[in-house]
Structure formats: C-alpha cells, structure tokens
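One line per chain: the protein sequences are X and B, in this order.
Taking the numbering used here, the leading residue of the first sequence gets 1, the next gets one more, and so forth.
Taking the numbering used here, the leading residue of the second sequence gets 1, the next gets one more, and so forth.
Since the hints were made in silico from the structure, they are not lab data.
Don't take each hint at face value.
Here are the simulated lysine to aspartate or glutamate pairs, EDC-like style, with alpha carbons at most 16 angstroms apart [unchecked claim]: (1) Lys-62/X x Glu-8/X; (2) Lys-8/B x Glu-6/X; (3) Lys-378/B x Asp-176/X; (4) Lys-42/X x Asp-218/X; (5) Lys-8/B x Glu-8/X; (6) Lys-137/X x Glu-123/X; (7) Lys-30/X x Glu-6/X; (8) Lys-377/B x Asp-218/X; (9) Lys-110/B x Asp-193/B; (10) Lys-124/B x Glu-84/B; (11) Lys-100/X x Glu-109/B; (12) Lys-183/B x Asp-220/B; (13) Lys-378/B x Asp-77/X; (14) Lys-135/X x Glu-105/X; (15) Lys-142/B x Glu-107/B; (16) Lys-309/B x Asp-118/X; (17) Lys-166/B x Asp-91/B; (18) Lys-309/B x Glu-123/X; (19) Lys-309/B x Asp-203/X; (20) Lys-72/B x Asp-243/B; (21) Lys-5/B x Asp-118/X; (22) Lys-5/B x Glu-105/X; (23) Lys-309/B x Glu-6/X; (24) Lys-377/B x Asp-136/X.
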Amino acid sequence: MPPLVELEDIYKIYYMGDSEVHALDGISLKIEKGEFVAIIGKSGSGKSTCMNIIGCLDVATKGTYRLNGKNISNYTDDELAEVRNKMLGFIFQQYNLLPKLTLLENVALPLLYAGVSDSEQKERALRSLDRVGLKDKAKNFPSQLSGGQQQRASIARALAGNPSVILADEPTGALDSKTGREVMQFLQELHREGNTIVLITHDNSIAAQAQRVVRITDGKIVYDGPAEGDEIVSKQDKAGDA
Amino acid sequence: MGFGKCFKMAISTIWASKVRSFLTMLGIIIGIAAVIILVSLMGGLTQQLTDMFAEIGTNTIQVSITPRNGKKVEPDEMYKFAEENKGLINDVSPDIPVSGTVKAGTENEKGKAEGVSERFLNIKILNVEQGRFIQYSDIVNKSNICVIGTYQEQKFFGKGSALGKKLKINGTPLTVVGVLEEKEDSASGSGDDVIYIPYTTAIRLNGNGIVSIYGVNAVDEDHVEEATSVIKQFLNKKIGDDDYYQVISMKEMIDQMSTMMNSMQTVLVCIAGISLLVGGIGIMNIMLVSVTERTREIGIRKSLGAKQKNIMMQFVIEAGTVSCIGGVIGIIFGALVAVAAGKLLLDATIAPSVTSIIVAFSVSVAIGIGFGYLPAKKAAQLNPIDALRYD
Ligand SMILES: Nc1ncnc2c1ncn2[C@@H]1O[C@H](COP(=O)(O)OP(=O)(O)O)[C@@H](O)[C@H]1O
Ligand SMILES: [Mg+2]
C-alpha cells in the first residue's frame, strides 16, 4: 500500500522583486496511515507552507505530491477542492468558524459541499459535535463560546467529513495552557482511534506528545524520527516530566 | 448545494446588513418605480386621448379647403357628392370654427363656436336635452340662434334657465334654442364646452362667404380609408392642386398620436433605464466590496471543499436577491405613485399593466445576475490560501 502522504522534493519559492524566498527548499516526506506526526520549527521556518501544501490549500513551485498514491500535483482548483472536501480536515489556530452561522451549520459545511442530504448533514454534524462535547451548543453562534469551545467546534467540523488526514496548524496557539492541553488530549484520543494526524507547532513540549517529529529549519528537514530522538524535543519531554 | 439553500443564505446575509442592502437596492427601486410610473401614466394619457378622439367619432373625416381663384366647394355640392357615395359616406356637414369672445350679461370669456348644418347630428352623436338642435330653416334664414353645452349653460345662465336667453359671440346676440345633454363633467374644455350655430350664421360672423371646413362621416371605420381617397379624388377634380385642400381622418390622427405617444414613452423609459443601469452598477460596486470583506469567509468555504461554482452561485444569488427585492419594492412603490398621480393629474383610474410589472421584475433579476456575475467570478477564483490569510 502506498503511503497516505508522499512529498517528493517539494519546493515553494516566493519571488519578492529580485530576491527569492525558499519557504520550502526540497522537502521529501512520507506519512503512513494512522501516524501522529508533529512538524516543528522556528517561526518562519516553513511549517505552515508545508502544511498548506499537504492540505492542498496551496501548490508547490516544484516537486511531486502523491496523496493516497495519486499524483495530485497538476489538479485544477475544483479538483483540489474535492480532495480537501473528501480527504482532509483542517484545524486552524484562529478556529476559522463562520461567525454568522450556528455551530451546527458550521460543522455541516464540509457535508454541504459534499452534497450530502439535509437530514444526513444534520445528523452527522450533531454526532460530530457530540464527540467534542458541544452537542448542547449546536444552536449557538461561535461568538457565544469560549476559545477552547470554538477550537473544539472546529475539530468537530474537521471530523464531520470523515477525512483521511487531520491537519492542525498551531491548534493550541491561541489557547491558554490548560485548554491547550485538553485539545492535545483530544487529538491523542483521535490518534488512538486510528486517525492520521499532522500537527504543526513551534512548541517543543507539544511536539513531544506526538509519535514522530519532523523538524524544519529554513525550509529543509533537519530531523525526522521518533519524538524521543529529537535533541530538543526529548529534553522538553524530560522537562515536562519533572 | 441547492438553489433554496443559497437563497436562504442570501436572505440572511442581506438581512444582516439591512441599511446597506437597502441603499444598494435604492437605484433599482427608483429605476423600476420610474419605469412603472411612466409606462402607467403614458398608457393612461394615451387612453384618454384615444377616448377623446373616439368620442369625436373614429368614422369622422375632416376636409379643409383653402379657396383660391373662385375655386371652392359649396355645401350643396358636398351633399350631392355624399349622396352619390352612399356606400361609403353617411353624411357631411360644414364645420366652421368661429373664435372670439363669448358673452352673456356681465360674464364673458374667450371661446369658440362651430358653424354646422342640421346634418351635423349624423356626424357626431349629440343628444339635445332641452329645446332643439339647429334646423334646415335656421340655415336658410341665417338665424341668430345657438345650441350650447352644459358648461355654457351653467356658466352664463344657471342650470335649466338658458333657453330663450341671448348669448353674444363677437358682439352678435344669438338666442339659445337648445341645451345638450351633459357628456362629461360640464368642465371648461370638456365635451360639454361647445357652442353650435348655423354655418350660414358662422360665415356671416367670420365675415367671408365661404365654407372652408367640412366634417364627413364614413359609414364605418373600415370604410374610412376608401372614403378618404374618394373625397380626395372629388376635391382634386374641383380644386385641382392638392396643396389647397387637406383630408384627414380621425383614425389617421389617432394613429399618428399613438405613434407619437409611443415614441415619447420609449424616450422616457430609456431615461428611466439609465437609472436602472446606475442601480446595477451600484449592486456591482457593493458586491465587489462584499467579496473583499468576505475574502476570509470564501477562503474558509474553499478550504472545506467549496468549488468555484458553489461560491459563484452564492454571490450571484445574493446579488440577484438584492436586486429582486429592490425590484418588488420599486414595483409596489411605482404602482402606488402611478395610481395617485393618475387621480391627481389625469383624473383617471390608472392600473399599471401586468406586462410592465412582469418586464420590470425580470429586468431587476437580470440586472442583479448580470452585475453580480463579475464580483462572483472574482470571489470564486480566489486562491484558498491567499483568501484564508486575508485580514
Ligand atoms: N505569501 C508569501 N509571500 C512571500 N513570502 C512568504 C509567503 N508566505 C510565506 N512566506 C515566507 O516563507 C517562509 C515560511 O513561512 P511559513 O511557512 O509561514 O513559516 P512558519 O509557519 O514556519 O512560521 C517565511 O520566510 C515567510 O516569510
Ligand atoms: Mg505558521
């Protein structure tokens, strides 16, 4: 079976006037089904760019991207939309819920675009909200919830479409440490249930909770292996234990 | 994603910013209302004028002759001609205008009398309510008599007390021998503002010895054209040069008037159309602003799998709905104003035509979709990651 995500020599180059910014500078990465991978690096190292390419929100300047064995490097805008809809679930740092829709409507959005019937949308969205413990808030608007609740709602939305990969870009970045821990516990639970999770973070203690760590510096992968193997992360881990 | 869902979404978005939506609609409201008002009023006016002409009689043909070198047409010759063309012409009567001052007692005003023969009753339907109409003997005797409408009756004499009284036209006293039945509302300038006198008396009052205008009544509307051409042939024989006579039928005049009114309406509607165009541009402008403001929303929707056509449909339907609501408000507003203005200006009950309402509605929907298309396309083609990053 092919790896779920396979990046092969991916470049993302921004042209700013005369100078080139290599946000990704030849990245190759394989992620298997059921893995919990943390992509870690300093601010500006290229983590988000990497996630956007894995999430089909952006296209690489150069290189090949195979998702579930299919080369999607040359997909059109609409084809990529379909891939995002069917295979990917996003959790953003700023939650990105639509303020004028209720939680139920927000969570149902991926199903709406998948062409699922109204009644099924409602049922599945409710089930998804139930999973994150927000079933009773289904009729509320995002602004009526705390940050942690909003992030949970956005997780419910990511889960609603039953994606193959869950992509989380700094999901705890806007939360206090306690709520952040709760979100992390939830992600680990999802991992135990067999979901594939790619987590972006600059926080070593958070990366330590993943199974595998990919460290990016200046658009290049400098470490790829178990969390314990990364020098800095492993220290963090110990600091966390102490 | 279905149409109904998009529509519901559009309604809630529009409702969320009521004031702005209303201002966006204003151009469409004004444009549509203007079109409805103009079309309704012009329709009412045309109807009124047509009715007026129809009252004169759509079978009527007016013959004007400019006499020269003693070439003229005597009433007897006209009667004979009418007699010979019985299949086409019902009857003919001189119809000579006399204008000047009309006076009775201390009341006086500028006015107009028509010198006609006893046959005029065959040309125009007139009912005499009191007294009698002009008779053959009045013509022969050049009698100083007149038959008046209820306007003159009420203005100069008071209701029911005109018979036998004297009415002076340009100083010549004429005895009122008949009062006609009220046709309209006895107002000045209406069908009740008329004075008929014997045409021989009219010739005397005008100070020349010739009959220059005849009213001819064709047997029916379908024979008006044929009768007109027969009259022309006859006059050509009598007068020769067709520069010196004119034969015009009421039917022709109505047609001419309708053509004129139609082109006037077209011009006015075009002007109102400019307001619709401006309204459309307003919608486009607001939609472009809205797309920019909602870039993040578009990014989120696209990240969740919205295709270009989904985004496109959302924005086009939103623009269409704004424009459509504006159109409906414009139609209601326009219809109310048209009815009120009809009452005040034309004193008539005006009903805006169903066609104009349907057309106005379709136009407003088309404007919304047409002018919403460009902003919607812009929204649909946004790159998801750029849209998501937008603040
Ligand atoms: N749209 C863009 N235009 C130009 N440069 C960009 C753009 N997006 C990202 N970059 C640059 O690419 C590099 C990587 O950015 P990013 O992936 O956001 O980093 P991280 O998420 O690790 O903080 C940075 O130097 C950033 O300035
Ligand atoms: Mg980042």
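Now for the hints, and whether the structure bears them out:
| no. | hint | result |
| --- | --- | --- |
| 1 | Lys-62/X x Glu-8/X | 9 angstroms, holds |
| 2 | Lys-8/B x Glu-6/X | 41 angstroms, violated |
| 3 | Lys-378/B x Asp-176/X | 38 angstroms, violated |
| 4 | Lys-42/X x Asp-218/X | 9 angstroms, holds |
| 5 | Lys-8/B x Glu-8/X | 44 angstroms, violated |
| 6 | Lys-137/X x Glu-123/X | 15 angstroms, holds |
| 7 | Lys-30/X x Glu-6/X | 5 angstroms, holds |
| 8 | Lys-377/B x Asp-218/X | 37 angstroms, violated |
| 9 | Lys-110/B x Asp-193/B | 12 angstroms, holds |
| 10 | Lys-124/B x Glu-84/B | 21 angstroms, violated |
| 11 | Lys-100/X x Glu-109/B | 73 angstroms, violated |
| 12 | Lys-183/B x Asp-220/B | 23 angstroms, violated |
| 13 | Lys-378/B x Asp-77/X | 14 angstroms, holds |
| 14 | Lys-135/X x Glu-105/X | 13 angstroms, holds |
| 15 | Lys-142/B x Glu-107/B | 26 angstroms, violated |
| 16 | Lys-309/B x Asp-118/X | 19 angstroms, violated |
| 17 | Lys-166/B x Asp-91/B | 30 angstroms, violated |
| 18 | Lys-309/B x Glu-123/X | 26 angstroms, violated |
| 19 | Lys-309/B x Asp-203/X | 39 angstroms, violated |
| 20 | Lys-72/B x Asp-243/B | 14 angstroms, holds |
| 21 | Lys-5/B x Asp-118/X | 10 angstroms, holds |
| 22 | Lys-5/B x Glu-105/X | 12 angstroms, holds |
| 23 | Lys-309/B x Glu-6/X | 30 angstroms, violated |
| 24 | Lys-377/B x Asp-136/X | 38 angstroms, violated |
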